[in-house]
Amino acid sequence: MKKVRFASIGGFYGVGKTTTIMELGKKVSQEGKQVAIISNDKGAINVDGEMIRRLGFEAEEITGGCICFYLDHLGYIIDTITERFVPDVLFIEPVAYFLPSNLYDAFEKKFGETVDLAPVIILVDAPRLLSYQGHVEELPFPESRQIEDAEVVVINKMDMVVPDQLPAIRTIIQHVNPRARLIMMSAKTGMGLDELSSVVLQGRHEFLPVVTMTVFKTFVRSLTEIGERGERYAIEVERSLSLSEVKDFLSHLLMGIAEKVTSLEGEINHIKAIISDENFFLKASLVSLYQEVDFAGDMENLSGGRLVVDAIASKLPEDVLYSMIIGAMQQVAPRYGVKIEERWGKSE
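All residue numbers in the sequence shown are consecutive under the working numbering, ending with 1038.
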């Protein structure tokens, strides 16, 4: 039986992991190869998993924390998938705060020679990275450590920067990890996807830095200030809303949450939402008040369905994030005639 090819596409919040995996999945599938995707999230609510399935991929979810703590469950999922087919590539989207060296070490110990590991691939957000120009030492430890562990650093969102800024981006990465291969990419435009696809299919994992107990403890401590809250709703609308109206609704909702986060001196990591029913889905994503809301998916109009909202921010506890989601919903929903009929489930 052939080995299962593991390709982990990692990175901190809002760097474009899900979009990248979906675009890579489409590309690899078009080449006649079989793809499966496993998404991993901290909370019980996984916004991205539903979107991945809607695009027709074989997709599973592992929620509740880093996949490195759920290797038995991962093994069960792999066995379930391979009973039907052996994927040419199993894409894994780890939780945003994972430690690559720990995860790959766990993979090797658990699965050994039964898997073929692609290089450690870490995505970074080009505009966000530039905000640390001249003071790279202030880059949050989880992000800097992920870059340090990477064999391949993919600088995403290149469509949002200008060519003159490229040397500064390279300097920041090379300051943290001078040995990593760099790929310039825009998952939105397709720039760099061919090069990344080649790494995913043909690249080899070779080595990782040793993680000392001091590094591990520092990494864990750096995560204690990150809060996350997810909410799910059934919604109805007073009248059918067009695609542009739904985008406006989601934009104002996410911006409203973001403004509340910053008003209490919190730091936005990622705020996202998805509206769906049995026929459509539309996902909205926001990583900064200074960037536009990004959309994926499509729909003709909205007459009802489900709404999932997930807010991740530093320096704010979960209950405060919950109040911000509710507050923004109460402010924004009436403007568009959106009625919250029911709330079910929450992040655990």
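Note that these hints are calculated values from the structure, not bench results. Hints may be right or wrong, so weigh each one.
What the hints assert, rightly or not - Below, simulated DSSO-like cross-link-like pairs (lysine-lysine); rule was C-alpha separation at most 27 Å, straight line:
#1 K799 with K907
#2 K878 with K716
#3 K937 with K716
#4 K1005 with K907
#5 K907 with K878
#6 K723 with K693
#7 K800 with K878
#8 K800 with K723
#9 K692 with K717
#10 K937 with K907
#11 K1029 with K1005
#12 K693 with K799
#13 K717 with K907
#14 K800 with K693
#15 K878 with K723
#16 K1029 with K937
#17 K692 with K799
#18 K800 with K937
#19 K692 with K723
#20 K716 with K799
To be verified - What follows is a list of derived Cβ distance ranges for each label pair:
#21 M850 with E949: 19 to 27 Å
#22 G746 with V805: 18 to 26 Å
#23 V805 with L745: 37 to 45 Å
#24 G722 with E955: 18 to 26 Å
#25 Y766 with E798: 46 to 54 Å
#26 G746 with T772: 13 to 21 Å
#27 H825 with A924: 42 to 50 Å
#28 D854 with L761: 39 to 47 Å
#29 M850 with K716: 15 to 23 Å
Note that the structure is predicted; figures quoted are calculated from it, not measured. Idealized CB from N, CA, C, for every residue including glycine.
Can you give the numbers of the hints that this structure goes against, from lowest to highest?
Per hint list: 5, 7, 10, 11, 13, 18, 20, 23, 24 and 25 violated.
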